[in-house]
Amino acid sequence: MGPLEVLLDGTPVAIPAGRARTLLATLLLRAGEVVPVDVLVDRLWDGSPPNPARAKSTLHMVVTRLRRSLGEANCVRTATDGYLADIAPGALDLHRFRSLVDDGRFADALALWRGSPLSNVASDSLHRDEVTALADERLEVLERRIEADLDAGRLPGLVAELHTLTRRHPLRERFWAQLMLALHRSDQQAEALAAYRSVSALLAEELGVDPGPTLRDLNARVLRSDPDLAGYRSVVAPTPRQLPPRSAHFVGRSEEVERLADLLDAVEGDTPVIVSAVNGAGGVGKTALAVFWANRVKDRFPDGQLYVNLRGFDSRREPLAVDDALRGFLGALVADPKSIPNERDARTSLYRSLLANRRVLVVLDNARDAEQVRPLLPGSPSCFTLVTSRSRLEGLIVTEDATLIALDVLADDDSRSLLARRIGAVRVTAEPEAVRRIVLLCGGLPLALSIVAARALMNPRSTLAALADGLSSERGRLDFLETGDLATSVRGVFSWSYKNLAEASAVVFRLLAVHPGASFTVPVVASAAAIPLDAAAKVVADLVRVNLLLNPETDRFHYHDLLRVYAAELVGSVEADARRRLVLKRVLSHYVHSAQAARKMMSPTGIELQESPPDEVVVMAFASRGEAMKWYEEEYGNIISSLRSAMSEQLSEYVGMLQEAIWYYLDSTSRWDQAVALSETVLEFLEDVEDPYRNRPGVLLDLAVSNGRLGRLQESIAYSTAALADARESGNLKWERKSLNNLGMAYSALGRDQEAVEFLHAALEVCAKTEGRVGERILLDTLATVHSKLGEHERAEAYLEEALRINRGVDDSYSAAINLTGLGALYSGMGRWDEACGVLLEALELSRSSGDRYNQAVTLSRLGDVAEGGGDHTGADAYRRRALDVFAELGVPEAHELRAKLVAAPDRA
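FYI, the working numbering numbers position 796 of the sequence shown as 796, with every residue one higher than the one before it.
Any given hint might turn out to be false.
Stated by the list, open to error - Each pair of labels, with its calculated beta carbon distance range:
1) His60 <-> Gly328: 53 to 61 Å
2) Thr483 <-> Asp93: 52 to 60 Å
3) Ala79 <-> Asp811: 45 to 53 Å
4) Ala79 <-> Asp102: 21 to 29 Å
5) Leu486 <-> Asp673: 44 to 52 Å
Claimed, not checked - Below are the SDA-like pairs computed for lysine to any residue, each with C-alpha atoms no more than 20 Å apart in a straight line:
6) Lys630 <-> Glu553
7) Lys630 <-> Ala597
8) Lys585 <-> Ala529
Quick caveat, the hints were computed from the structure, so don't treat them as lab data.
All C-beta atoms, glycine included, are put in the ideal place defined by N, C-alpha and C.
All chains should be modelled from the sequences, with the hints used to inform the complete structure.
Right, here's the structure in full:
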């Protein structure tokens, strides 16, 4: 569409003249298609190639040279029997030209031409076979643009342009016909007839023929002043003022209004901003914002304001056809409706011609998708188009450089302001708690708040507290927000979006209501719906696009509260109970087995689950302990909710596994009070199940450990004793070993070390029957503690070193850190300060990497003891203060002991 140019980020890329340039031009003219080697050889040698072998070798060298010249802009790809230009959509001016023509934007398309096509490419065959066709294509589009100008009555300047065109292309009869028509419509009938005589004489002289039937018929109609030739006349049509009135109760949205104002200022500064797309869920207030802002700025559009409801999401009517929308706009823009063309392209051309160089605001409300919007976009940057849709309209962002404004629910303050405006500040001020509940239960959705306000106005004697009570039941909430009108009830508005979903997306939207937590990830969706990950990602993207799911955080999704209620209604009415229960089990399995994978990464020798996950359940994989801990942190709330759901649904087989998953995370992060509360709740639930031994001993053991860490030793002994009895009755040797170990630890903490030794050696005997050396590592650490207290340091050291060796062998840094801390304490007690310092510093580093804050604090305290023993009192106090901060935050008894130790040394405080 001019000299061959390649631009990379706006900078020209030099393409060598000769065959390399010819090759690139040939490939670009058929971009995306494989051009055979024979065709390229023929083109490069203008139809007279050398022998085939030499030609193909030379072609290969030309391709290499061209790729080197293109550098980062290289688009030449090798195919099986040729080469192709791999060009992104919109990167080639010829493609943009044809796309604009398809959209009826003829003037914009013609503006892309920079001169004679490929004028800097020296190839006779290319110019003969391709350039001539391109020039003809341009002239055809020019004819179509002039036709649109004639239809729109844009006659000034058109006559002069057509005089020039008939001189340059004297044998092109359509230009002569358009010149005659332009002259006739400009009240220059004699000049129109003279133009016909001129073309008749020219054709007779040059070709020896008469004008064609179109010109002959047009001449006859001009002679008799055929009224049908009048077409569109510049009769003044009324300025369109189609905006609906704005709501008197509009509140908030200051940021969005300011963004729209900035975009409008950019248009007035000649920045070619075309469209702003406001998207959001049903009932969030998109139309209210658009209408409010449009009425606010309408005076800045003196040539009119156009508005149409495209009915993109309407359960009662089909989306408005583009042809009907164009007819409606043209009916407001032209004086004579008879002048409106019947064809889509002609209507679009006329519409854009009428808006060219005029200041018109166009509001396209409730659009279905980008395809419905594109033909309605003005071609002139002097216009401003505001689109609203439940869809994100990514296509407009890509092709039209649209600016997206995502509309969220109202903030709490704005929600209260909306209620105050609708029902009066007196009632709102009088019942602040009821207003808070209403705002919360409506989720900030303007439509829901407006319905509640309407109920309050219809029942002035009713309290707002009573209205809040009506909303409080989740099952009845949408009934309370029902108006009997699909256009204004929350359920009805949501149904518009739901009924427009593809079947796969509709199924997932329903099934996700079974998920018990607040948010979810794509692997959860894949597990719930039993579909592959890529299919789940696509469905989730579709639901986000139409705002049925929200995506405020990367990779996490959730419903608006009322949409969750709507989805729960659907899953209850559409899906059978058996399927709903199966979906829940798959979700629970995802969390159980993903937690197990996280635990295995954090502590590689953790107890394996006996059950394997179902094939359709996606289990998370972790590359590091940090990844595993991050997953636990993000999913903690969902796992808690899953446990509650498992208990409420009496899915006891999942209860123990979920409790264990949560307990491990709480124990690893030293949140033992929460661990105790959780385990007590689960223990109470398990009292009523048929098979208490399946899960109860594990919960009792967790309670024993958590109470022991909190210094509640008698409670720890009681729970361990009960767990031991259950383990022996059920024959579970692992639980028996753990119970004996816990008892040994508790008795040692009470100073009853000989009894502790007996429990621990009994545990070793059980361990030898089940877990072998790996299972002994915790027992060895506990035995070392007991023997150290008994003054048997060498035996204690041997136990700790053996435990450390086992833990390092299985890459369990969490447990290895505890062993090292024990060795540090042992060395410190023996006066081996340097050795103690070395192992404690290593323990501190491992505890930090594993996230074990309790052992970090213990290790810091031990380092204080080492510094004290070496005479570094300042360093000792610094270590102890750091340890005290962590102990105090964890709320463990060690905080009191360490605080007392620091108080006993006031001179160093």
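Here is what the structure says about each hint:
1. Between His60 and Gly328 the C-beta distance comes to about 59 Å, which sits within the given range of 53 to 61 Å.
2. Between Thr483 and Asp93 the C-beta distance comes to about 53 Å, which sits within the given range of 52 to 60 Å.
3. The hint said 45 to 53 Å for the Cβ distance between Ala79 and Asp811, and at roughly 49 Å that hint holds.
4. Under the hint 21 to 29 Å, the C-beta atoms of Ala79 and Asp102, about 28 Å apart, fit the expected range.
5. A hinted range of 44 to 52 Å for the beta carbons of Leu486 and Asp673 is consistent with their spacing of about 51 Å.
6. Between Lys630 and Glu553 the CA atoms are separated by roughly 15 Å; this keeps the pair inside 20 Å, and the hint holds.
7. A C-alpha spacing of about 13 Å is found between Lys630 and Ala597, which places the hinted pair at or below 20 Å, so the restraint holds.
8. Straight-line distance between C-alpha atoms of Lys585 and Ala529 comes to about 11 Å, which keeps the hinted pair within the 20 Å bound.
Of the hints listed earlier, there is not a single one the structure fails to meet.
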